[in-house]
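Undergrad: Spelled out from the first residue to the last, the chains are:
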Amino acid sequence: ETGVTQTPRHLVMGMTNKKSLKCEQHLGHNAMYWYKQSAKKPLELMFVYSLEERVENNSVPSRFSPECPNSSHLFLHLHTLQPEDSALYLCASSQGTQVRQETQYFGPGTRLLVL
Amino acid sequence: KNQVEQSPQSLIILEGKNCTLQCNYTVSPFSNLRWYKQDTGRGPVSLTIMTFSENTKSNGRYTATLDADTKQSSLHITASQLSDSASYICVVSVGDTGFQKLVFGTGTRLLVSP
Chain B
1 ETGVTQTPRH
11 LVMGMTNKKS
21 LKCEQHLGHN
31 AMYWYKQSAK
41 KPLELMFVYS
51 LEERVENNSV
61 PSRFSPECPN
71 SSHLFLHLHT
81 LQPEDSALYL
91 CASSQGTQVR
101 QETQYFGPGT
111 RLLVL
Chain L
1 KNQVEQSPQS
11 LIILEGKNCT
21 LQCNYTVSPF
31 SNLRWYKQDT
41 GRGPVSLTIM
51 TFSENTKSNG
61 RYTATLDADT
71 KQSSLHITAS
81 QLSDSASYIC
91 VVSVGDTGFQ
101 KLVFGTGTRL
111 LVSP
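Chains as they are written, first to last, in the numbering used here: chain B, 1 to 115; chain L, 1 to 114.
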């Protein structure tokens, strides 16, 4: 295991539902990330938090809302999603966000299906 | 435009055979290059990381090479095992200072057949 856990591992939701993805890291890292992984596409960075402050938001639709209550926990709140949002959502953590910092450690992901 | 391209997209080899995966990148300024292994249903796990001055790095049966002049990297897997079946993702870090931006390839899906 990488020290990064994600729940739930699988999620099916309708377009009108509200759900949340949870990520927890046990590595003492200061930075946490949300990525979207769609089939045959590179990982897409969604959000970055450093010391609980959002430092990057890659033009992600407002139907995705991140929350970082402390340096060990990261949430992704979902509401009124579209079928094209179906993907694997990966959480990662690293010691910091600067160049030459430690490698990012990924969680197992949440496989999301929007009907 | 910063880009990472990997080839082949997919590969099937017999157990015990060797294989080489390719990664070409157009990234500036280059900071480092990583290879990740992603098992089905799992998140990526780092295999190797190389900076500009490193030409080769090994991790068990995995050996990565880097040619900074041609902007190419390869991942060589020796004496493949069934557990090597996974996607292998090349990731290049951009920037000399400040926020670390990663550029991901689409991966090579490897299947090791008994």
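Hints should not be assumed to be uniformly reliable.
Residues of chain B placed beyond 10 Å of chain L at every Cβ, according to the derived structure [as the list claims (entries may be wrong)]:
hint	residue
1	VAL4
2	ASN17
3	GLU52
4	SER62
5	ARG63
6	SER72
7	LEU90
8	CYS91
Quick look at which bits of chain L chain B covers, simulated, 3 or more residues with Cβ under 8 Å [said to hold, decoys possible]:
hint	segment
9	59-72
10	75-86
In silico DSSO-like pairs for lysine-lysine, Cα to Cα no more than 27 Å straight-line [as the list claims (entries may be wrong)]:
hint	chain 1	residue 1	chain 2	residue 2
11	B	LYS36	L	LYS17
12	B	LYS40	L	LYS17
13	B	LYS40	L	LYS1
14	B	LYS22	B	LYS40
15	B	LYS19	B	LYS41
16	L	LYS1	B	LYS22
17	L	LYS17	B	LYS22
18	L	LYS1	B	LYS36
19	B	LYS22	L	LYS71
Quick caveat, the hints were computed from the structure, so don't treat them as lab data. Given the structure is predicted, the values throughout are model-derived calculations rather than measurements. In this text, a Cβ means the ideal position worked out from N, Cα and C, and glycines have one as well.
Undergrad: Could you run down the list of hints and mark each one as holding or not?
TA: Evaluated hints:
Its closest Cβ contact with chain L, about 7 Å, brings VAL4 of chain B to no more than 10 Å, contrary to its assignment away from the interface. Even its closest Cβ contact with chain L, about 23 Å, leaves ASN17 of chain B beyond 10 Å, as expected for a residue assigned away from the interface. The claim that GLU52 of chain B is not at the interface with chain L holds, since no C-beta of that chain comes within 10 Å of its own (minimum 16 Å). Under the 10 Å C-beta cut-off, the non-interface status given to SER62 of chain B relative to chain L holds; the minimum distance is some 23 Å.
For ARG63 of chain B, the requirement that its beta carbon stay farther than 10 Å from each beta carbon of chain L is met, with the minimum near 23 Å. Every CB of chain L is more than 10 Å from the CB of SER72 of chain B (nearest about 17 Å), matching its label as outside the interface. LEU90 of chain B, annotated as away from the interface, has a beta carbon of chain L within 10 Å; the closest lies near 5 Å. Not every CB of chain L is more than 10 Å from the CB of CYS91 of chain B (nearest about 8 Å), against its label as outside the interface.
Coverage of a stretch by a chain is defined here by at least three residues with a beta carbon nearer than 8 Å to that chain's beta carbons; for the segment 59-72 of chain L and chain B the count is 0, and the condition is violated. Judged by the Cβ-Cβ criterion of 8 Å, the segment 75-86 of chain L is not covered by chain B as claimed, because only 0 of its residues qualify and three are needed. For a cut-off of 27 Å, the pair hint linking LYS36 of chain B to LYS17 of chain L is broken: about 33 Å separates their Cα positions. Only pairs whose Cα atoms come within 27 Å are accepted, and LYS40 of chain B paired with LYS17 of chain L is accepted, the gap being roughly 26 Å.
Distance check on the hinted pair: LYS40 of chain B and LYS1 of chain L sit about 19 Å apart at the alpha-carbon level, within 27 Å; holds. Restraint check: the Cα-Cα separation between LYS22 of chain B and LYS40 of chain B comes to about 25 Å, which is no more than 27 Å; the hinted pair holds. The straight-line distance between the Cα atoms of LYS19 of chain B and LYS41 of chain B is roughly 24 Å, inside the 27 Å bound, and the hint therefore holds. Taking the CA atoms of LYS1 of chain L and LYS22 of chain B, the gap is about 33 Å. The hint is violated against a cut of 27 Å.
This hinted pair does not check out: LYS17 of chain L and LYS22 of chain B have alpha carbons roughly 40 Å apart, beyond 27 Å. Between LYS1 of chain L and LYS36 of chain B the CA atoms are separated by roughly 21 Å; this keeps the pair inside 27 Å, and the hint holds. Of the pairs offered as hints, the one joining LYS22 of chain B and LYS71 of chain L is violated, with about 37 Å between alpha carbons and a cut-off of 27 Å exceeded.
Checked against the numbered hints given earlier, the structure breaks hints 1, 7, 8, 9, 10, 11, 16, 17 and 19 and satisfies all the rest.
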